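Undergrad: Those protein sequences? They're chains A and B, same order as listed. Heads up: the first sequence at position 313 corresponds to 313 in our numbering, and the numbers run straight through without jumps. Heads up: the second sequence at position 131 corresponds to 131 in our numbering, and the numbers run straight through without jumps.
It cannot be assumed that every hint is accurate.
[As the list claims (entries may be wrong)] Interface residues of chain A toward chain B, partial, derived using beta-carbon atoms under 8 Å: (1) Glu51; (2) Val190; (3) Met197; (4) Leu218; (5) Ala256; (6) Leu258; (7) Asp265; (8) Arg276.
[Unchecked claim] As a list, the in silico DSSO-like pairs of lysine-lysine whose alpha-carbon atoms are at most 27 Å apart: (9) A:Lys272 with B:Lys161; (10) B:Lys293 with A:Lys136; (11) A:Lys299 with B:Lys161.
It should be emphasised that the hints constitute simulated quantities derived from the structure, not laboratory data. Computed from a predicted model, the values in this text were never measured in an experiment. Beta carbons are placed, not taken as given, at the ideal position from N, Cα and C, and that holds for glycine.
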Amino acid sequence: MSENILEVRDLVKHYPVTQGVVFKKTVGQVKAVDGVSFDLRAGETLGVVGESGCGKSTLARVLMNLERPTAGKVVYKGQDISKLSGGALRRLRRQIQLVMQDPYTSLNPRMTVGDLLGEPFEIHPEVAPKGSRRAKVRELLDLVGLNPEHINRYPHQFSGGQRQRIGIARALALRPEVIVCDEPVSALDVSIQAQVMNLLEKLQGEFGLSYVFIAHDLSVVRHLSDRVAVMYLGKIVEIGTEDEIYERPTHPYTQALLSAVPVPDPTQRNNKTIIRLTGDVPSPISPPSGCRFRTRCWKAQDVCAEQVPLLEIRRGSDHPSACHFAEKREIVASHEAA
Amino acid sequence: MSDILVSEQSAPGTGGSGRPSGRLLEVDDLRVEFRTRDGVAKVINGVTYHVDAGETLAVLGESGSGKSVTAQTIMGILDTPPGFVTGGQVRFHGKDMLRMSNEERRRIRGEGIAMIFQDALSALNPVFTVGFQIAEQFRVRRGMGRAEAKKRAIEMLDQVKIPNAKGRFNNYPHQFSGGMRQRAMIAMSLALDPEVLIADEPTTALDVTVQAQIMDLLAELQRERQMGMILITHDLGVVADVADRIAVMYAGRIVEEADVYDLYAKPAHPYTLGLIDSIPRLDEKGQQLRTIKGLPPNLMNIPPGCPFNPRCPMAQPVCREKLPPLLQVGTGRASACHFAEELVNRV
Chain A
1 MSENILEVRD LVKHYPVTQG VVFKKTVGQV KAVDGVSFDL RAGETLGVVG
51 ESGCGKSTLA RVLMNLERPT AGKVVYKGQD ISKLSGGALR RLRRQIQLVM
101 QDPYTSLNPR MTVGDLLGEP FEIHPEVAPK GSRRAKVREL LDLVGLNPEH
151 INRYPHQFSG GQRQRIGIAR ALALRPEVIV CDEPVSALDV SIQAQVMNLL
201 EKLQGEFGLS YVFIAHDLSV VRHLSDRVAV MYLGKIVEIG TEDEIYERPT
251 HPYTQALLSA VPVPDPTQRN NKTIIRLTGD VPSPISPPSG CRFRTRCWKA
301 QDVCAEQVPL LEIRRGSDHP SACHFAEKRE IVASHEAA
Chain B
1 MSDILVSEQS APGTGGSGRP SGRLLEVDDL RVEFRTRDGV AKVINGVTYH
51 VDAGETLAVL GESGSGKSVT AQTIMGILDT PPGFVTGGQV RFHGKDMLRM
101 SNEERRRIRG EGIAMIFQDA LSALNPVFTV GFQIAEQFRV RRGMGRAEAK
151 KRAIEMLDQV KIPNAKGRFN NYPHQFSGGM RQRAMIAMSL ALDPEVLIAD
201 EPTTALDVTV QAQIMDLLAE LQRERQMGMI LITHDLGVVA DVADRIAVMY
251 AGRIVEEADV YDLYAKPAHP YTLGLIDSIP RLDEKGQQLR TIKGLPPNLM
301 NIPPGCPFNP RCPMAQPVCR EKLPPLLQVG TGRASACHFA EELVNRV
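Chain B extracted, bound-state conformation (with noise of 0.2 Å):
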């Protein structure tokens, strides 16, 4: 572990700490269907990411994109049913995670990697107090005592900087305020040193300077634990703060990555000039916003072609004939658009 290797395809940002197998967490052309009483949703159709350690990865979607069923499915947490695996895979250390024993998976969940969500009331049990629900996994996973444990969970407490964490740790969830719940949070999916943290939309329930608050907690967290981040997110202004690379979702599909300053600066794909085009902004005084047409798409009745190709303004006939694949565009980005050179090109 100790030689370091710089990996093949380092995107800026890496930290570029050595992994025996290259790749801390791959998802490769991974598929999920939702089957349904009315009709089966094509929920992920060939989603493949990967993140290294010391990186963040913002995956930028609308709901129904599918990025927090990735999400679900890389923890091990999907409803099944009506959430079926058809196809792909997600390899922790080179090793595929859909294919292992129930022990094998939960001994990575924790450990390998750790999630927290939008919702920390509901992510909590209301039941148990905050300090026993951390200590509870020193207890269980580290065999610790009682009075160790405690003060492994008060330690926590204390490194997501909750005030006062001694007289906290017997506080149960609804004593806590929204943002000193999701501090709670990452505080207990941290508690066992993950390798990889999953973040699903976590600061989407805040208000902007508790937001800012919990933003700069986790991006200090990962500088000092060297930690590989999957920041899922529908807000295009945390994701120019803190990712490395981005890649966007649409109706199941990665349609655009790039690393964050080339995706900002020249999107290579319709769908994410659209976005980038709709949000207003606090330091423009804007006229009348630019939108993309439409609704997205269905997912029991995905279109023919490029799925985006209705609401497109480029679309040509090829595009409600031709499913585009996702292929590099230049260097370190990759569009799954036809036009993406077009795109790129343009001045």
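With the rest of the complex left out, here is chain A (with noise of 0.2 Å):
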């Protein structure tokens, strides 16, 4: 578990915001990640949660190499991807797939299962030679827990959680070694919910594929994940373990996110204090000085304007934390699942 397969560095993607149609010219920046760093082992999941708007999704498509970062790296083994282009960057596709949120566009219409499973190994012939494709998808289809016979069905033939295991088997065609999951079962129904998430656990077992794993749903998140990283505009202000992040979290936005997450529980109604966070997250064009989470925060100080927190162990905590007050708080009354 301890061989890193992935690791990210400060890691930044700005979009510019232009103004003028003839003469564009640029009047500021989308500051949609701003300087991320993490490492994901080989075998584990990380989880990625943070509010919309925090960077998340941009974070997965950087990852993927489907945009330039603005400046940073991202290593699998030893190799820089950002850096990457042509063959070579084609090449490495293979071993970094993605499954994306929405199974309703994310599967092109017209083409029939058979065809959408098999477009991978057309672009990578080397994966599986020509005559064994068709067996090949049949084995993809009965990996995901679909009917083989559907082989010639179209997507809108399948439900949401159908189709998204019809996204999930083709990330899996060409083999990867990781997986990053941008929301992967926030399309769906609770019950069709958890069966995607027990197969994305199933697969990784069986084929040690690490995943990062980019949702909103804490709880979600705290069922797959092996470390967390939660992010506020555009920066990670925490990240730890599935237990430090959940049990002991110190960042103050943290607190407030576990805080608010409802628990299907009557009877825990009135013995839970919910952290009520003012206002809205501010503009990721012009965000506030200093600590980003300032202006929603109960703990600011003047410093908080001045200096930028860094992520790191501070004291009286065991895992990395972007506060200048960091303080370890029990939010999620814990109790093991019987």
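Hints are included, so try docking the two chains, each in its own frame, into the full complex.
TA: Here it is in structure tokens:
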């Protein structure tokens, strides 16, 4: 578990904000991802949580090299993939695959499942020679719990959960080592969501996959992740093992986020305290100076506006937190599953 | 209106405020089908529920269970065609709304029953300011002048805790953030002081921290105004926090109805049990999640007997033959399962 398969260092992705039609001029930058560093270890799941607009989907796109980072690097097994292009990039793409959120728009409606799942082999013919592709596709369908007989069906003939399975099968086709899952279950109903989560766990065990699991649902992330990174406005504010984040959070934002998650147990109604955050997430075009969370933080002092808190292990804590006043606080009443 | 009568089955949390005809809003054996080119989808197959003043009824179900269509039928905003009401009643203060004239129904909308939607951006008109859309109701329905309507609209924006309500009056919906838009929509729906508020997935599109703010606001406004609230959602967490009673829907039917505490402690229907077991919990380190196998039924071809039987771990031959009616199990709760008693009495 100790070997790093992916090392992300000071990753930055800014999008220019332009004005004017003929003479475009840049009037600002959307700082979608603004200095993110983490390691992904072989065989582990790193959960990335945060609210909308925190940059988690941009992070996925940059990790996949679908977008070039503005600065920083993504190192896969010693190779900086953000610099790759052409054949080298294509070869690398086999190793890192993406599962997208919306199974309704991520599958081409005019292609049969057989074509959809066969396409990766066309781009990478070395994985499966032409004659064996149908068999490979059937194998994939079976692997993700779909009926191999349905190979000639079109996406609209499947339900949302089944479509997400097709998306997962497609990501698996080339036997990658890393799968980036961008909100893979948030479009699904509860009963189907559990099926897909179990499938992801099963496949990880079978193929030794490493996942970057991006989601806004903290319960889902806890269920699947070994380690968790919490993002706010383009930065990681706290990172640690699942226990460290959920049982001993030290960043006020993590604490507020955890406290706001409704617990499906009416008897807990009156004995939990929700930390109410006021206001909305500030614009990523002009984030607050110093600590980006300070405008909504109840602990904010002058120093928070002046100094950017570094993501580092602080006194009285066992994991990195980007808060000047990081302090352990129990939010989630922990009890082991029966 | 001043005499207080406690309804005979008053559920816990009921304010018990007196209404002349007992129940405030009742849906009685409602049936709706969608006639499409591909066939007839039986979307609502006999739904019965009610809500009283001051109480929150949560209608819980997955996509396609018919929870939103029921609400649309109550509001009279069902798309017809393809949707057709084929039976049942929706009674407001004892009067069947489905047999009213359009004029009568229009009068109930807004003042009697109001609704808020999941997606505030598409529910608000993008070409009018938020303030105008709220003030419009006071002008059209209350006959107020521009200045007074504006004053009242600003009061409403203030009540839903939109900061700087006066300055925000002239903003367009796109200038609001997601949470603010939801607040604006709540302000609009409550402008005419409705007796029942139907909230259809009000926080599904919002982030958790904003969701908590909106649910607080709804609970507070409901308490103040003693409104009846129907909360339509798929989120078992939100329901646990705010509901008094819960009706669980599956394939266009209510499969279980119970007090919120009973439902979570001892579900009386295998579908409810499956749902509760299949959500990952923040406060539990999970292993394998228990799942409900299979898929919800195709509403054009609902399986005979109990519609849940192909997915049910407890299914017996009788389940494939006989449709279980929604019957009382113990006190104050009902389940549409042949084996409800066994489920409730299991240790």
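Undergrad: Would you mind marking each hint as holding or not holding in the structure?
TA: The hints, checked one at a time:
no., hint, verdict
1, Glu51, "4 Å, holds"
2, Val190, "6 Å, holds"
3, Met197, "6 Å, holds"
4, Leu218, "6 Å, holds"
5, Ala256, "6 Å, holds"
6, Leu258, "7 Å, holds"
7, Asp265, "6 Å, holds"
8, Arg276, "7 Å, holds"
9, A:Lys272 with B:Lys161, "24 Å, holds"
10, B:Lys293 with A:Lys136, "26 Å, holds"
11, A:Lys299 with B:Lys161, "23 Å, holds"
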